[in-house]
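**Q** Please model the entire structure based on the sequences and the hints provided.
Quick note, the sequences are listed as chains A and X, same order. Going by the working numbering, the residue at position 143 of the first sequence is 684; the numbering climbs one at a time, nothing skipped. Going by the working numbering, the residue at position 80 of the second sequence is 221; the numbering climbs one at a time, nothing skipped.
Heads up, some of the hints might be wrong.
Far from chain A, by Cβ distances over 12 Å, these chain X residues were calculated [said to hold, decoys possible]:
#	residue
1	V166
2	T224
3	G333
FRET-style restraints, in silico, Cβ to Cβ [claimed, not checked]:
#	chain 1	residue 1	chain 2	residue 2	range
4	X	Y248	A	S579	40 to 46 Å
5	X	N433	A	G558	46 to 52 Å
6	X	W423	A	P666	27 to 33 Å
7	A	P629	X	F168	52 to 58 Å
8	X	V321	A	G558	29 to 35 Å
9	A	P629	X	V241	28 to 34 Å
10	A	A722	X	V241	54 to 60 Å
Hints in this document: simulated from the structure, not taken from any laboratory. The structure displayed is predicted, hence computed values, not measured ones. Even for Gly, the Cβ is constructed at its ideal location relative to N, Cα and C.
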Amino acid sequence: MSALVIRDLHKRFGSVGVLKGINLDIDDGDFTVLVGPSGCGKSTLLNIIAGLETASSGEIVIDGKVVNTIAPKDRDIAMVFQTYALYPSMTVRQNITFGMECRNVPKPQREEAVARVARLLQIEPLLGRKPAQLSGGQRQRVAMGRALVRDPKLFLFDEPLSNLDAKLRVEMRMEIKQLHARIGATIVYVTHDQIEAMTMATRIAVMHQGEVQQFADPETIYNRPANVFVARFMGAPPMNTVPARIASGQVVVGDVRLPAPPAAAGWEGREVILGIRPECIAEPTRQFGEAGTPGIRIMAPVELTEPTGAETIVVLRMGGEKVLGRVAPDIRLTVGATAAFAIDARKICLFDPQTERLIA
Amino acid sequence: MAGLRRVPEFLVIWVPLLIASGQIVVFTAWTTWLSFTPSTLMPTDGFVGLRNYTSVLATRNWKIAFDNLLIFGSGFVVLTMLTGLVLAVLIDQRIRGENVLRSIFLYPLAVSFVVTGTVWSWLLNPGMGIQKLVNDLGWSGFRFDWLVDRDMAIWTIVVAGIWQSSGFAMALFLAGLRSVEADLIKAAQIDGAGPWRLYTRVILPTLWPIMIAVLVILLQTAIRTFDLVRALTGGGPGIATQLPSLVVYDFMFQRGQLGRGAAAAVLLLLTLLAVLLPYAIWKRVQARRAANA
Chain A
542 MSALVIRDLH KRFGSVGVLK GINLDIDDGD FTVLVGPSGC GKSTLLNIIA
592 GLETASSGEI VIDGKVVNTI APKDRDIAMV FQTYALYPSM TVRQNITFGM
642 ECRNVPKPQR EEAVARVARL LQIEPLLGRK PAQLSGGQRQ RVAMGRALVR
692 DPKLFLFDEP LSNLDAKLRV EMRMEIKQLH ARIGATIVYV THDQIEAMTM
742 ATRIAVMHQG EVQQFADPET IYNRPANVFV ARFMGAPPMN TVPARIASGQ
792 VVVGDVRLPA PPAAAGWEGR EVILGIRPEC IAEPTRQFGE AGTPGIRIMA
842 PVELTEPTGA ETIVVLRMGG EKVLGRVAPD IRLTVGATAA FAIDARKICL
892 FDPQTERLIA
Chain X
142 MAGLRRVPEF LVIWVPLLIA SGQIVVFTAW TTWLSFTPST LMPTDGFVGL
192 RNYTSVLATR NWKIAFDNLL IFGSGFVVLT MLTGLVLAVL IDQRIRGENV
242 LRSIFLYPLA VSFVVTGTVW SWLLNPGMGI QKLVNDLGWS GFRFDWLVDR
292 DMAIWTIVVA GIWQSSGFAM ALFLAGLRSV EADLIKAAQI DGAGPWRLYT
342 RVILPTLWPI MIAVLVILLQ TAIRTFDLVR ALTGGGPGIA TQLPSLVVYD
392 FMFQRGQLGR GAAAAVLLLL TLLAVLLPYA IWKRVQARRA ANA
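**A** In structure tokens:
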């Protein structure tokens, strides 16, 4: 059963199309992340799902019911905001129970619900405080508590972690993921951070210019990106995309030749775009995959190195094209000199240079 | 401009500031001193203790003026804030022509109290204003003569004061309403708060620092009101709409009793301080609390 279905959704502001035909089908219990650069329409989409904005055309179906004309409060949803949006004049307890107060839920029931959520999120000692007396992480928890207490069909998160500092963000990321695993809720989560998307989601919808570029599980998104935009948006550092040519069953970039995947057969002799992840370009002794296959050895001049501690990002010229590689931190590379690298050709992607879509 | 020699900044700021604050301090001190002297037409030396104060406080004039101040002050402040708040909430609904309406409501502020008073005195004059208009339209029994009614005349001043100041209150409230976080309103919508609950529980509580500022500004406007009454009723009928500031004027320049006038002025100053000092202390406490948070 689909918890949320979006059919051919359009949103126009005047003559500007913000959302251009969105189709999504989200299953019960899915953790769906809408990810994309700012201005891609992801927050507008979330607001339309919540009922805070209206769609120009198209349908939103929550739990089998078309909700286009239904008010936000009757859509059986809860939302967590980037700014937390806690009511400043109310205590944490009142913040959590305000929704029930509006629905005239009897007091004993409210108290019970608060107690349950406070225990779940470990915010019992904070219940009497005002939002101004809380730290960023605590406010985040209270905002989640306000959503959880509703026990809705659908949770909506609007960039909830972007106001936290880096350390806290990682902690909360794990907590939200654990929470999802524990209560099995259906979540739609908006973020511009592709790491958040990769780590938390069961399904990712990559959005760009008002369209869903690809809607798939994280592994597919990462390894088989539907087009060049998805390839370059997901992953840090991004996937290398360089012009190449298919010749006698091989992908040719300058003097570098890699075995072409079988699906590229129809492209013999034509131009393509080669996509290769930086982690597929490593030091020559590296063995790839569970079988420990050695890579294809190439020689390439080193242009720049960026040690991050855990690894070193290296800018090199592969067949004349500038690409990024990731080598072990103890490998010494001299800038300007030529060094040997191993390439893992099993996971290369090929894109059509005209449409930028994945070929193979 | 290039040829002009630059004036040092401290001259621009400090000289006018010193002159202005010197004026305030010197004349306040002088008035206070006068209030303890037996001065009549001209300031004279001598010390009479609190005699001026006791005799001012004993006059019927002062008693009426002070009662009027209580009625006018509370009526004016409460009703102006309410009107301003209602206007601000209505305009906040993103209605069409918002800018025009906002200007219309703000305009009275640009008019001086003397003009407000004069115009309203015409409007409320039974012989030429609203009453005559309605009578001439055929409803000859209509009476609207608050201006000449001893008990109601003070309310004409309240009405004119509200007309003048509610636009100002509206502008401040509207700014406050507009600075409420958009997410807060969205959250309340999802929580299922209707318009009434949205305003009373979520939006208005965030407005109370602005409310206190408006309250204090209006209160001190009320306490030192002079020109409005002077132009609208002249303190009449009789002394029915007398206010303390008019009593000060009356003692000093009509009756030639400088000492008593000064005493009344000092009493007025003390009333003002009773409003402003708690506000200043509250501001300071707020600032300290913010610094600690």
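**Q** Okay, which hints does this one fail, numbers in order?
**A** Hints 3 and 7 contradicted; others consistent.
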